[in-house]
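Line by line, the protein sequences are chains D and V. Just so you know, we're using numbering that gives the first Met the number 0 here: the first sequence kicks off at 0 and counts up by one. Just so you know, we're using numbering that gives the first Met the number 0 here: the second sequence kicks off at 0 and counts up by one.
Don't read these hints as lab results, they were simulated from the structure. Even glycine gets a Cβ: it sits at the ideal position worked out from N, Cα and C. A portion of the hints provided could be inaccurate.
Claimed, not checked - Using C-beta positions, here's what the derived DEER-type ranges look like:
no.	chain 1	residue 1	chain 2	residue 2	range
1	V	A96	D	A68	17 to 23 Å
2	D	E17	V	Q11	23 to 29 Å
3	D	A68	V	S214	26 to 32 Å
4	D	A278	V	S157	33 to 39 Å
5	V	E211	D	D56	58 to 64 Å
Stated by the list, open to error - If you want the ones that stay clear, here's a sample from chain D, every Cβ over 12 Å from chain V, calculated:
no.	residue
6	A12
7	V16
8	G29
9	G58
10	D111
11	R230
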Amino acid sequence: MTAAIRVEGLRKAYGGVEALRGISFEVEEGEVFGLLGPNGAGKTTTVEILEGFRARDGGRVSVLGHDPARAPRALRERIGVVLQQSEPVSNLTVREFLRMFAGYYERPRDVDEVAELVGLGERRGARVRTLSGGQRRRLDLGVALVGDPDLLFLDEPTTGFDPEARRAAWETLRALRELGTTILLTTHYLEEAQRLADRVAVLRAGEIVRVGTPQELTLGDGRVEIRFLRRGLPVVLETDEPTRVLHELTGQALAEGVELEHLEVRRPTLEDVYLELVAETGEEGE
Amino acid sequence: MRLLLHQLSFEQRMFWRSREAAVFVFLFPLLLYALLASVYSEEIDGRPAADVLLAGLLGYGAANTAFAGLAVVLVSRRELGLLKRLRATPLPPALLAAALALSTLLVFCLQAAALLALGRLLFGAHAPANPLGFAGAVVLGTACFAALGVGAAALIRSAEGASAVVNVVLLPMAFLSGSFGPTRDLPEVLRALAEVLPLRYFLEIVDGVHLEGESLLARPGALAVLAAWALVGTAVAWRRFGWMPRER
Numbered sequence: 000m001t002a003a004i005r006v007e008g009l010r011k012a013y014g015g016v017e018a019l020r021g022i023s024f025e026v027e028e029g030e031v032f033g034l035l036g037p038n039g040a041g042k043t044t045t046v047e048i049l050e051g052f053r054a055r056d057g058g059r060v061s062v063l064g065h066d067p068a069r070a071p072r073a074l075r076e077r078i079g080v081v082l083q084q085s086e087p088v089s090n091l092t093v094r095e096f097l098r099m100f101a102g103y104y105e106r107p108r109d110v111d112e113v114a115e116l117v118g119l120g121e122r123r124g125a126r127v128r129t130l131s132g133g134q135r136r137r138l139d140l141g142v143a144l145v146g147d148p149d150l151l152f153l154d155e156p157t158t159g160f161d162p163e164a165r166r167a168a169w170e171t172l173r174a175l176r177e178l179g180t181t182i183l184l185t186t187h188y189l190e191e192a193q194r195l196a197d198r199v200a201v202l203r204a205g206e207i208v209r210v211g212t213p214q215e216l217t218l219g220d221g222r223v224e225i226r227f228l229r230r231g232l233p234v235v236l237e238t239d240e241p242t243r244v245l246h247e248l249t250g251q252a253l254a255e256g257v258e259l260e261h262l263e264v265r266r267p268t269l270e271d272v273y274l275e276l277v278a279e280t281g282e283e284g285e
Numbered sequence: 000m001r002l003l004l005h006q007l008s009f010e011q012r013m014f015w016r017s018r019e020a021a022v023f024v025f026l027f028p029l030l031l032y033a034l035l036a037s038v039y040s041e042e043i044d045g046r047p048a049a050d051v052l053l054a055g056l057l058g059y060g061a062a063n064t065a066f067a068g069l070a071v072v073l074v075s076r077r078e079l080g081l082l083k084r085l086r087a088t089p090l091p092p093a094l095l096a097a098a099l100a101l102s103t104l105l106v107f108c109l110q111a112a113a114l115l116a117l118g119r120l121l122f123g124a125h126a127p128a129n130p131l132g133f134a135g136a137v138v139l140g141t142a143c144f145a146a147l148g149v150g151a152a153a154l155i156r157s158a159e160g161a162s163a164v165v166n167v168v169l170l171p172m173a174f175l176s177g178s179f180g181p182t183r184d185l186p187e188v189l190r191a192l193a194e195v196l197p198l199r200y201f202l203e204i205v206d207g208v209h210l211e212g213e214s215l216l217a218r219p220g221a222l223a224v225l226a227a228w229a230l231v232g233t234a235v236a237w238r239r240f241g242w243m244p245r246e247r
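Input sequences plus hints: build the corresponding full structure.
Below, the structure written as structure tokens:
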């Protein structure tokens, strides 16, 4: 497999404040890659540099073999972009709006097909202005898809969606992935990363603190949590050697003739890992 | 070329479907002409009032359509994220600019034709004394005020204030430059102020071609001032114009 996106030592500062402190990652062709992190971690900055909207201060970046800072037309021909919280407003109809954007590409998708794909088939003739917020977000996705991109950037595609709309959006993205589209997705929803992404990079304060499949992230260090109550007070032990620790604990308890109440042995969930990763320095902010 | 026509046709569709644009940009100068020509029915400076006011309102129309109209459209598109969206597509920025300029020119041509027809039918106004020069002035005015419109868009921060800001500039400029009638009786200070405004010089050229039958190039001084203002607009746009929304 070849890399659709290659990022090496990417840096960006806004007036002295370092938004990205030299991050590196690769996204393979056909992969859904999630950038996960709290607000202000640098997700949007990263995506906007890859999309060609922002200049970087340092590092090397290649998107489909091009340098996005030069944003050559050949590159823009092959990428689709969904902007954060973008809701198109226009007095054109849904169909006209898609047709306008389709006209910019050499080999666009059929606009009616795109309208169907994002669930706006019924509203093709409606003015964009009259769509609901959720429908406009879907139209925005449609605009990103109309050029039949090889690579799709989604910046927090479901922020502000209700659970039902979120599930519908996930279905659409899964369908796209089946078609072989490479997707770079940013999100601060853990569940979204877990459900959609093949691999996830956790970003915190401008640094990547972990990369891997959602499964690898939880397996990562093999730590296990053992919890129980001792004289009514909760005890939590973290260990890499659960067998030995448990053996000692239970042996001791048996010898003393006490019960290890509420005994629980569990592996950390992705949520535990994530919260721990992003909380480590407590550096966070909009 | 195909892409230019594609974008031009959508620009036109978006323009005429927008109530603000169609009414305020296109109809308002016609309405003002009808009102003013009804009030001044005699002569202004020895010329039929209908002819003098037609030239004045043509100048106001150029500034209204190209400067105010373009600035408002660009700011609102930028703040709604549409410009950023367009920037991510293969549409070359120069082509988008060309389509917008042509669309603006088309609207102003129709407006100029409507002004002439209105003057002829209701007020017995005369046809331009130099028709070719008149057509040239329409193009010239669009170019100069469009450059200033893009420059203004680069400086305006919010979509909500855009319309108010451009009209605070536009209406006094039109009044001081003589779009709505003679400025002879204005205080000295205001007349001095008018001496630096682009519309004052555009009107000098329009008066020349429309009333006197002069050549479009008969007033090199006025042309130079217009060119200077167009350069200022272009320079500001070049340095300050951005694709990204400013407010979020």
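Hint-by-hint comparison with the structure:
1. Between V/A96 and D/A68 the CB atoms are about 22 Å apart, so this pair conforms to the stated range of 17 to 23 Å.
2. Separation of D/E17 from V/Q11 is about 47 Å and departs from the stated range, judged on CB atoms against 23 to 29 Å.
3. The beta-carbon spacing between D/A68 and V/S214, approximately 49 Å, falls outside the hinted interval of 26 to 32 Å.
4. For the pair D/A278 and V/S157, the supplied restraint of 33 to 39 Å holds, since their beta-carbon distance comes to about 37 Å.
5. Remark: the range hint 58 to 64 Å for V/E211 to D/D56 is upheld by a beta-carbon distance near 59 Å.
6. No Cβ of chain V approaches the Cβ of D/A12 within 12 Å, the least distance being about 18 Å, so the stated non-interface status holds.
7. Every CB of chain V lies more than 12 Å from the CB of D/V16, the least distance being 18 Å, so the non-interface label holds.
8. D/G29, annotated as away from the interface, keeps every beta carbon of chain V farther than 12 Å; the closest lies near 21 Å.
9. The non-interface label for D/G58 is consistent with chain V: the shortest C-beta to C-beta separation is roughly 21 Å, beyond 12 Å.
10. Distance check on D/D111: its Cβ is at least 18 Å (rounded) from any Cβ of chain V, clearing the 12 Å threshold; non-interface status holds.
11. For D/R230, the condition that its CB be more than 12 Å from all CB atoms of chain V holds, with the nearest at approximately 54 Å.
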